[in-house]
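Using the sequences and the hints given, assemble the complete structure.
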Amino acid sequence: MGLVTNNLPAILDRLPGGGFCVTSIDGIINWSRANSLWPLTFGTSCCAIEVMMAAGASRHDLARFGAEVARPSPRQADLLVVAGTVVKRLAPRLKTLYEQMAEPRYVIATGSCAISGGPFIYNSYSTVRGADQIIPVDVYVPGCPPRPEAFLYGLLTLQKLIKAGESIRRPYIRRKPVLAALPSGMTADQIRAELAVLLQRDSTVDLSGEYAQNMQAGGSKQ
Amino acid sequence: MTIRPITLADRIAAGQKVESLLSTQEYFVNMGPQHPSTHGVLRLLVRLDGETVREVIPVVGYVHRGIEKMGEYLTYRKFIHLSDRLDYLSAITNNWVVAMAVEKAAGIEINDRIQTIRTLCAELQRIQSHQLWWGVFGMDLGAFTAFLYGFRDREVVTDIFEETTGARLTMNYIQPGGVMFDIHPDFVKNVKKFLAYFKPKLEEYETLVSGNVIVQARLRGVGILSPGAAVSIGTTGPVLRASGVAHDLRKSEAYGVYGKVQFDIPVGVKGDCWDRYWVRIEEMRQSIRIIEQLIDSIPEGKHMTIKPTAKIKLPEGLYYNQMETARGILGALIVSDGGEKPYRIHLRSPNFNNLWSVTAMAPGLRIADLVAILSSIDVVVPDIDR
Amino acid sequence: MTNAIGTTLWQVKTLADRTTGAMPDSPWLAIGYILLGVVAVGALVAGLGLVLIYAERKIAAHFQCRLGPMRVGWHGIFQTVADTLKLLLKEDVIPERADKLLHLMAPFLSLLATVMVLVVIPYSPVLQIADVNIGVLYVSAVGGFGILGILVAGWSSNNKWSMLGAMRAGAQIISYEISVTIALLTVVLFAGTLQLSQIVLSQAEGWWIWRAHGIGLVAFLIFLIASVAEINRTPFDIAEGESELTGGFHTEYSGMRFAFFFLSEFVNMFVAAAVTATLFLGGWMPFHIGSFQAFNSIMDLIPPAIWFAGKTGFLIFVIMWFRWTFPRMRVDQLMKLEWKILLPIGLVNLAAASIAVLFNLYFFPRH
Amino acid sequence: MTGEEIVLAVSRIEERAKPREKCAMPAVTVPVESLAVFMRAIHDDPALSFDMLCTHTAVDWLGENRFELLYVLCSLKHGHYLTVSTSVPRDKPEVSSVSSIWRIAEWQEREVYDLMGVLYSGHPDLRRMFLEDDWNGFPLRKDYKDDFMLELPE
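Top to bottom, those sequences are chains A, B, C and D.
Quick note: the first sequence uses the numbering used here, first residue 452, plus one each step.
Quick note: the second sequence uses the numbering used here, first residue -11, plus one each step.
Quick note: the third sequence uses the numbering used here, first residue 3, plus one each step.
Quick note: the fourth sequence uses the numbering used here, first residue 4, plus one each step.
Please note that a few of the clues may not be correct.
Stated by the list, open to error - Pairs of lysine to aspartate or glutamate, DMTMM-like flavour, derived with a Cα cap of 25 angstroms:
hint, chain 1, residue 1, chain 2, residue 2
1, A, K614, C, D94
2, B, K92, B, E60
3, B, K239, D, E7
As the list claims (entries may be wrong) - Computed Cβ-Cβ distance ranges for the label pairs, DEER-style:
hint, chain 1, residue 1, chain 2, residue 2, range
4, D, A50, B, N99, 51 to 61 angstroms
5, B, A234, D, D47, 40 to 50 angstroms
6, C, W341, D, F151, 55 to 65 angstroms
7, D, E67, B, P296, 48 to 58 angstroms
8, C, F324, D, A50, 52 to 62 angstroms
9, B, D174, D, A50, 50 to 60 angstroms
10, D, E67, B, D174, 46 to 56 angstroms
The hints are simulated quantities; they were obtained by calculation from the structure and are not laboratory data.
Where is the CB? At the ideal position from N, CA and C, for every residue including glycine.
Quick look at the structure:
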């Protein structure tokens, strides 16, 4: 982070028009971070196939969002996708991985297992009930496993979160974690259509407006 | 008596095996649990001498979820959901193993339509699994493009599955007494479309990867597994067949409708990485052959012979059923005490056994070869750990 | 100015020449020229980084039936900008047990070597910063210096994977440097000079790749293969070997320092392509055929800088094409390729070249 | 060979081997003392030649205070199967290892040791496999208690 982000706001804010400058710089920094989420190649079970592989492959193409540069080394990765079950034996290793990543780092927990333990919650002696018991999670993507489209939605949500989130005035400030769930009762075609609309407008998803309306509409139909 | 340092000549005279003039030190490295080519959270403790692998110690358990313990608390029908999540790339076959074990034990009759649908789906799944393997294999060798080609074609099969089963990966489709849903009206049409699409693509695979000089150099003669070792380690599936042992349950037990169709078992000669590669490519061709023979003649009938809500109780006893998944033989061993839930359920997973063949193959080779070997036996880690 | 056979002779004027020329009259102009040179190299490095990384990602994507970056600007054109900014502002992790000084130094060493080569490359008759009279020697010496950064990075990270990667890179570059040098010597024999601008001028009657009855072509292929190996790109990227060594020598690097390695990899690629183009494809020299004046003057209509960019761009594309087609070689196969295949062929080729030069056995000899 | 023939052939090798009741496939019960010798014999016997150990696991019969060890054997040469069962008392679960006969037994026995707590004498490397080394108890035993485990609400 260094000199710029630590000392700049204190100097600039006092100058006339400095506040505006800081805010603009904030915007640019967050824009760059949101659009360049390099994931760590890491996956424990089923979700890894859908979320890390299928989402990155030709049809869904994570590269469109600049997130295809999967780094095998945690030092260079920005995004830890917890794809799959976390068990007790893995927990310390997962924590190490998270700690090895350089700030700013983001975590998406995909699939029921990484959210809550999922199908392995009862009568299992080793399954950890959610990745958030070990590391802070920014976005949850539900599903068992989630569709690649659902993961893209989660990624867009994270981008939105980053753009609205940290600032150089207050680094490392996190918003509350977000559940990036597509409305229930949707078919695959609807999901694709929905995503297409969202993608055409902007690279971000308006969580408050659009999403809430859809939820209501979807809920009332049922 | 003069003291002089021990020379190379002395060591040769003493009958020692001399490999290097320099004194070197062996060291350990950890491959995994987070490593791009261990395909999940597998850890290999590797003892290295420079680039040369001296010993490989697989360390497993990083995704051990205790499925066998959970099975003791779940009814047979519920347990099938968990079987999806073992070897998620062979979800259909996993369902089928458990379902068939239950059917055999409870004496549930299955009609021909169900058997044909199950066989078709299992073969589609095998193709799908091998497509993914081919892509990942290419990626592990350093050819990233193969990965995307493999996945491009895999998506087509995934769509067919999604249409019929409602899921892309963990289908939970085969139930005791039948299949969850009848096949989609477009199933036959789409499968035919896929076969027409995929056959030329398979040739493209051959041009892109198989024929490449570097691939040949990387795979031929690397990681030889002798038939004796393969049997003793209990490897099954393509790994065993590549070592020259023609053991395929689809032929020898002819479950489903495999008895009615014509297909060959591809068998390797040397048991090296290339043979394992070739066996899988050839298996895709054979699977296409099987599907082509079945797709036009799916018999009429119901898709479920028992009520989906019927309680299933197995008579007291010990039951074992096994089946050929894309990676080898998956067995389900059920001990029943007469109740609705198994007293003990154990799954014999193909990957567990296949994994240990690395310890026999890798010593003496390079790190890059270890990656190729690991990829050529195609392990799925949650299936090892269960 | 024309030579004996009527071809236009190009007037080479480098930035260094201008500086020395301006020095007696106005020292300030000279200083201005020096500053211009510094800024130009800096801008070139930054520009190359932005353009080449974007190109690589787009080209790879289209090889792989997908779109590549699409969301940041028109067709993702600002993707690299976002990446760069993010990397610059990312936390800089230095492992606790690392050799701190060396760890900090390594990325700069790596980048420095490549930037130093950029200085002597003739981009066009008037666009060249310095024209060293031992240009070829300089390129090969400074180019080989880049390995130091990789070795230092691998050593100082205190990570076994990094160390392995660095050792692999060391062995690889020392081996392939020999082939590179031998292929260079072939051209030096034909051109009779070590000066890069003179080598370009010597191709006024035709490029060396086709003028020497296949000798040039063989040398070109050896040089291209060995250069790709030297810059650690697939199929020779064993020093990084993502699926084997997680990240090789840069496993422990994050943020800006990793960006420097990333950048130097891409600038290296440009340098390799540019040097290959200069030596074998005539650099900025248009496509000429001996004294075929009419044809030559048509070719001269295209400015030299465009010729240079086109040739270099094409070679960069070929190198990217390699990457997205071939799997990685194993370390012993890599050594075998160099010592048992490329080197003998290169030596025989060099001998053939000396005979060809001695008896003027190539097209359009000067004497 | 059919199931009965295998059981008959096997009982000729080891006279104490009795057919295991309530089993859908050919299965014999042998006393634990003679297991290693018996296994070696049916592995080497040319007519039986059980060259592959398909799976090995244990069942915890809490009421009868014993572990039943199950070995599913397969002969690739002849294409027949046999399940060998043996029992060890729960308070002294010791059995001789068969890892010298089938290599895979080394790891399958480690798994059973890890989850069931059966001790194998003569095993080259008897360690925990799936669980951490400091894990308490053997989770697949029927009386395994764990504060962490959640009961599935009915």
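Results for each hint:
1. Pair hint A:K614 plus C:D94 holds up; C-alpha atoms about 22 angstroms apart against a cutoff of 25 angstroms.
2. Restraint check: the Cα-Cα separation between B:K92 and B:E60 comes to about 19 angstroms, which is no more than 25 angstroms; the hinted pair holds.
3. With a C-alpha separation of about 23 angstroms, the suggested pair B:K239 and D:E7 falls inside the 25 angstroms cut-off, and the hint holds.
4. At about 39 angstroms, the CB distance of D:A50 to B:N99 disagrees with the hint of 51 to 61 angstroms.
5. About 23 angstroms separates the C-beta atoms of B:A234 and D:D47, a value inconsistent with the hinted range of 40 to 50 angstroms.
6. A hinted range of 55 to 65 angstroms holds for the C-beta pair C:W341 and D:F151, which are about 59 angstroms apart.
7. One distance hint, 48 to 58 angstroms for the beta-carbon pair D:E67 and B:P296, is violated here, with the actual separation near 36 angstroms.
8. With their beta carbons about 59 angstroms apart, C:F324 and D:A50 fall inside the hinted range of 52 to 62 angstroms.
9. In this structure the supplied range 50 to 60 angstroms holds for B:D174 paired with D:A50, their Cβ-Cβ distance being about 53 angstroms.
10. With their beta carbons about 55 angstroms apart, D:E67 and B:D174 fall inside the hinted range of 46 to 56 angstroms.
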